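Letter 501 of the first sequence, counting from 1, is numbered 501 in the working numbering, and no numbers are missing.
Derived by calculation from the structure, the hints in this document are not laboratory data.
All values reported here derive from a predicted model rather than from experimental measurement.
Heads up, some of the hints might be wrong.
Listed below are the simulated DMTMM-like cross-link pairs for lysine to aspartate or glutamate, each with C-alpha atoms no more than 25 angstroms apart in a straight line [stated by the list, open to error]:
| id | residue 1 | residue 2 |
| --- | --- | --- |
| 1 | 824 | 796 |
| 2 | 145 | 438 |
| 3 | 850 | 795 |
| 4 | 41 | 779 |
Restraint-style ranges between C-beta atoms, simulated for each label pair [as the list claims (entries may be wrong)]:
| id | residue 1 | residue 2 | range |
| --- | --- | --- | --- |
| 5 | 258 | 407 | 26 to 32 angstroms |
| 6 | 695 | 777 | 16 to 22 angstroms |
| 7 | 787 | 744 | 32 to 38 angstroms |
| 8 | 133 | 777 | 24 to 30 angstroms |
| 9 | 325 | 254 | 45 to 51 angstroms |
| 10 | 388 | 173 | 26 to 32 angstroms |
Beta carbons are placed, not taken as given, at the ideal position from N, Cα and C, and that holds for glycine.
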Amino acid sequence: MTSERRKPYPFDQIEPKWQKIWDERQSFHALNPGEKNFDSKKPKFYVLDMFPYPSGAGLHVGHPEGYTATDIIARYKRMRGFNVLHPMGWDAFGLPAEQYAIKTGQHPAITTRENVASFKAQLKRIGFSYDWQREINTTDPGYYKWTQWIFLKIYNSWFNPKTNKAEPISTFHGEDPDSVRLAYVADVAVNWCPELGTVLANEEVVDGKSEVGGFPVVRRPMRQWMLRITAYAERLINELDELDWPEGIKLLQQNWIGRSEGAEINFVVAGTGGPGYRIHVFTTRPDTLYGATYMVLAPEHSLVDRIVTEEQWPAVREYRERTARKSDLERSELSKEKTGVFTGAFAINPANEETIPIWIADYVLLGYGTGAIQAVPAHDERDLEFARKFDLPIREVVKPPGGEDPIGFVGDGVAINSPIIDGLQSREAIRKITSWLEERGLGKRAINYKLRDWLFSRQRYWGEPFPIAWENGKHRSLGENELPVVPPPLEDYKPTGTGEPPLAKAKDWVRYSDKATRELNVMPQWAGSCWYYLRFCDPQNKERFVGEEAERYWMGSSPVTRHSSLESTPGGVDLYVGGTEHAVLHLLYARFWHKVLFDLGYLSKPEPFQRLVNQGIILGEDSQKMSKSRGNIVNPDDVIGQYGADAFRCYEMFMGPLEQMKPWSMHGVEGVARFLARVWRLIMTEDQAGQWQLSAALKDAEPTKAQNKILHATIKKVTEDIESLSFNTAISQMMIFVNAFTNAETIPVSAMRTFLVLLNPFAPHISSELWEKLKSPGDITGQAWPSYDQKFLVEDEVEIVIQVNGKVRDRMMMSISASDEEVKAAVLANPKNAELIAGKTIRKLVVVPKKLVNIVVA
RNA sequence: GCCGAUGUGGCGAAAUGGCAGACGCAACGGACUUAAAAUCCGUUGGGCUUUAAACGGCCCGUGCCGGUUCGAGUCCGGCCAUCGGCACCA
Numbered sequence: 001m002t003s004e005r006r007k008p009y010p011f012d013q014i015e016p017k018w019q020k021i022w023d024e025r026q027s028f029h030a031l032n033p034g035e036k037n038f039d040s041k042k043p044k045f046y047v048l049d050m051f052p053y054p055s056g057a058g059l060h061v062g063h064p065e066g067y068t069a070t071d072i073i074a075r076y077k078r079m080r081g082f083n084v085l086h087p088m089g090w091d092a093f094g095l096p097a098e099q100y101a102i103k104t105g106q107h108p109a110i111t112t113r114e115n116v117a118s119f120k121a122q123l124k125r126i127g128f129s130y131d132w133q134r135e136i137n138t139t140d141p142g143y144y145k146w147t148q149w150i151f152l153k154i155y156n157s158w159f160n161p162k163t164n165k166a167e168p169i170s171t172f173h174g175e176d177p178d179s180v181r182l183a184y185v186a187d188v189a190v191n192w193c194p195e196l197g198t199v200l201a202n203e204e205v206v207d208g209k210s211e212v213g214g215f216p217v218v219r220r221p222m223r224q225w226m227l228r229i230t231a232y233a234e235r236l237i238n239e240l241d242e243l244d245w246p247e248g249i250k251l252l253q254q255n256w257i258g259r260s261e262g263a264e265i266n267f268v269v270a271g272t273g274g275p276g277y278r279i280h281v282f283t284t285r286p287d288t289l290y291g292a293t294y295m296v297l298a299p300e301h302s303l304v305d306r307i308v309t310e311e312q313w314p315a316v317r318e319y320r321e322r323t324a325r326k327s328d329l330e331r332s333e334l335s336k337e338k339t340g341v342f343t344g345a346f347a348i349n350p351a352n353e354e355t356i357p358i359w360i361a362d363y364v365l366l367g368y369g370t371g372a373i374q375a376v377p378a379h380d381e382r383d384l385e386f387a388r389k390f391d392l393p394i395r396e397v398v399k400p401p402g403g404e405d406p407i408g409f410v411g412d413g414v415a416i417n418s419p420i421i422d423g424l425q426s427r428e429a430i431r432k433i434t435s436w437l438e439e440r441g442l443g444k445r446a447i448n449y450k451l452r453d454w455l456f457s458r459q460r461y462w463g464e465p466f467p468i469a470w471e472n473g474k475h476r477s478l479g480e481n482e483l484p485v486v487p488p489p490l491e492d493y494k495p496t497g498t499g500e501p502p503l504a505k506a507k508d509w510v511r512y513s514d515k516a517t518r519e520l521n522v523m524p525q526w527a528g529s530c531w532y533y534l535r536f537c538d539p540q541n542k543e544r545f546v547g548e549e550a551e552r553y554w555m556g557s558s559p560v561t562r563h564s565s566l567e568s569t570p571g572g573v574d575l576y577v578g579g580t581e582h583a584v585l586h587l588l589y590a591r592f593w594h595k596v597l598f599d600l601g602y603l604s605k606p607e608p609f610q611r612l613v614n615q616g617i618i619l620g621e622d623s624q625k626m627s628k629s630r631g632n633i634v635n636p637d638d639v640i641g642q643y644g645a646d647a648f649r650c651y652e653m654f655m656g657p658l659e660q661m662k663p664w665s666m667h668g669v670e671g672v673a674r675f676l677a678r679v680w681r682l683i684m685t686e687d688q689a690g691q692w693q694l695s696a697a698l699k700d701a702e703p704t705k706a707q708n709k710i711l712h713a714t715i716k717k718v719t720e721d722i723e724s725l726s727f728n729t730a731i732s733q734m735m736i737f738v739n740a741f742t743n744a745e746t747i748p749v750s751a752m753r754t755f756l757v758l759l760n761p762f763a764p765h766i767s768s769e770l771w772e773k774l775k776s777p778g779d780i781t782g783q784a785w786p787s788y789d790q791k792f793l794v795e796d797e798v799e800i801v802i803q804v805n806g807k808v809r810d811r812m813m814m815s816i817s818a819s820d821e822e823v824k825a826a827v828l829a830n831p832k833n834a835e836l837i838a839g840k841t842i843r844k845l846v847v848v849p850k851k852l853v854n855i856v857v858a
């Protein structure tokens, strides 16, 4: 015999069998409204996974964690009578395929096709109930045609501040529509990564290095496409309120958007007076205006050139060049020590007409606020550090409430040395000085956001080309009838190294017409994932990015979930599960696109995802992050080969709470596999010849009272636990059920059938097979979810715990119907208790009905 | 530095303010077996104690310190540790 271990039950036969049946019957295909046999009486449920990038490395055990959770929900909801949309697809544009193409010359489309095929095979092997007829791929021209189409909608829109929403550009009546488009071109200092030969978004840069590959990143001005996501900052914050997302994720987005309320104040450059010589600063603390003893402009600020004095020019020029050369990494590394240079110019403080020096320093960022600040060293840590280093004056203008040292105090207190607002609390002082400034035209109330516009172009090959042509230095959109814009075939995918995109190499393709050339940049990987959940509703539609009726149905209101108190929820997808790594980027970008399309009237809801759940990371057996270098990666194929897909699924869920980070354990898989084998042997026994036969203990008998109790307790617990995504405890309860029936002389078939239905979402293969073996009617996936009967759960008697001063001393059985008074009397009559409380005074007697009595004595 | 999450046996974990450790793993003991695997049954937080042995009895125990309460893993205040996010955002 080889070392091949005998399988505890024949999962290696039944799992492929049922997967094939589901495929052939298309058991999980969801019909759209208007299709034949569509049942409009059923409520809808849209349960979505974050679709994967099909990498060459294949699936690891982290992917199927969330996928298993959603699959359980999908199967459960179907049994509860919902029309369930549960799709899967591929986020297949992106760097790895392109890098691979550079190395091997193989077209990314080929690698992508191969990787998708192996990912799909792996997912099918786990038995997920995806509707594969709805499979989509972001690199499919039939898909990215609509990604480009949405870009055109964004390009041809502007954000009308009066209506607070996006409108077609034709409704804009200003001089230059190009200045307000939601997609625009700007020369911006971008994160240029020489190694990758491309520009990266802020979010793709970690600690001054590229997130992919860890290469150094430097700042460099380039002409780039930007999306005006900042126009939506307010709505992106406010409309989080009614979403059922983890509070932590909402907070992450709020902080990312970073709303600050304050004032914009105008300073005039001394000795000039012209309107072109005003410095606008943003501050959250206008009440400290009297404490401003100098000003700082960002080194790149446009006013610097015009105000620097003759003798300061060399120093300023030298400083600017030095900061421009700094990479992000250097800027943050050197941030401990403040640097800066005096411009030689002075400004006038509008509050007291005082003349204060103007400096430049790289601790003031061009991209935030107005790129200029009033420096109040007494009440701002950074200004204080700077003032101390360069020996600038420090003036206290806020008195701390607790009598702390006012120097460096940044909290709220009472205004001092500030004639207009002296004696006022900070909050009140802010209000007063802001109106004072407003009345005199010296400033105004203002709100600022940390959020920047979205850098939307990449100098790469493997992405969606822009549907844009250039003529005489001006951009214009291509017609919708020209979509999709397909990237040209290339022999050489390598970056040009100059910052010019690889598409420049396709000379014929680039020439759009005699006069016009094509845009050479491609879109970032986020583009395809910004709207894929919409395409799933109607993936084959050739006329529209999503059919109106399909969108209204799947992205519309579903019966109110318990997580929301609202009549109608703002989000369309009922449950979205994925990793926290997308907490800000993908989820913010998708919300932004969704809102634009909603404003333009293409969608029925203002938010894409009503309920979001983040699955926790799965660590290796050594409790370390899984990684190639640690050699602790667990491959699902190995686990399934040894224990079966059902055991794999159940273990993924049994490990612990879904949201929690937890380590993998092969022993744990074994335990769950044993549980499934026990389920099998509850119904099947092996005869002399080694054949599986129906167990002799199976009878068409009524369950005993005890059996009914545990059966109904299991129905109750499993149902409630699935609803709350507490899959681990649902499985525990099913284990308790199986333990109770193991060794039972009589196993009622009816109880087993009910149990198999409960088990089905978790372990669909074994439950399907046993359902069939029991000659049960129909297919198990078409069964109705069982409900429990309270009458089986109630007992005649309950155990009452007796405590003395909070400590358990005894327990006794009491009738369920006993009144508090009867319980008290019985407890006091109990001889053992009498002994315990002998010689003491009873101070109090606490009775918790059906549970406990606490005798408080002294 | 700021924000957030987490902290319970040897391990993964469970517990509407009411018996801490369900369920699983590991370990140990037993049954079955020529033997092993598999399977089934049992023990298993720590300490003390009664007893010939067993049953039992008592005390301590949910990161640390304090509070509220008849009663706290759970609520409140303060700390510590680990992980994640942000980080010159004026």
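**Item:** Satisfaction of hint between residue 796 and residue 824, Cα-Cα up to 25 angstroms
**Value:** Roughly 18 angstroms between the alpha carbons, so the hint for residue 824 and residue 796 holds.
**Hinted pair residue 850 and residue 795, Cα distance within 25 angstroms** = 11 angstroms, holds
**Request:** Measure nothing beyond the straight line between the CA atoms of residue 41 and residue 779; if it is 25 angstroms or shorter, mark the hint as holding.
**Result:** 22 angstroms, holds
**Asked** residue 695 and residue 777, beta-carbon distance inside 16 to 22 angstroms?
**Response** 20 angstroms, holds
**Prompt:** Is the Cα-Cα distance between residue 145 and residue 438 25 angstroms or less?
**Reply:** The hint is violated at about 50 angstroms.
**Message:** Looking only at beta-carbon atoms, does the pair residue 388, residue 173 fall within the given range of 26 to 32 angstroms?
**Reply:** Because 52 angstroms falls outside the window, the suggested range is violated.
**Request:** Using the Cβ atoms, figure out if residue 133 sits within 24 to 30 angstroms of residue 777.
**Result:** 27 angstroms, holds
**Prompt:** So does residue 787 sit 32 to 38 angstroms from residue 744, Cβ to Cβ?
**Reply:** Given range 32 to 38 angstroms: violated, Cβ gap about 24 angstroms.
**Prompt:** Is 26 to 32 angstroms a correct range for the gap between the Cβ atoms of residue 258 and residue 407?
**Reply:** 27 angstroms, holds
**Request:** Starting from the hint 45 to 51 angstroms, judge whether the C-beta atoms of residue 325 and residue 254 obey it.
**Result:** 35 angstroms, violated
This entry does not satisfy hints 2, 7, 9 and 10, going by the numbered hints stated previously.
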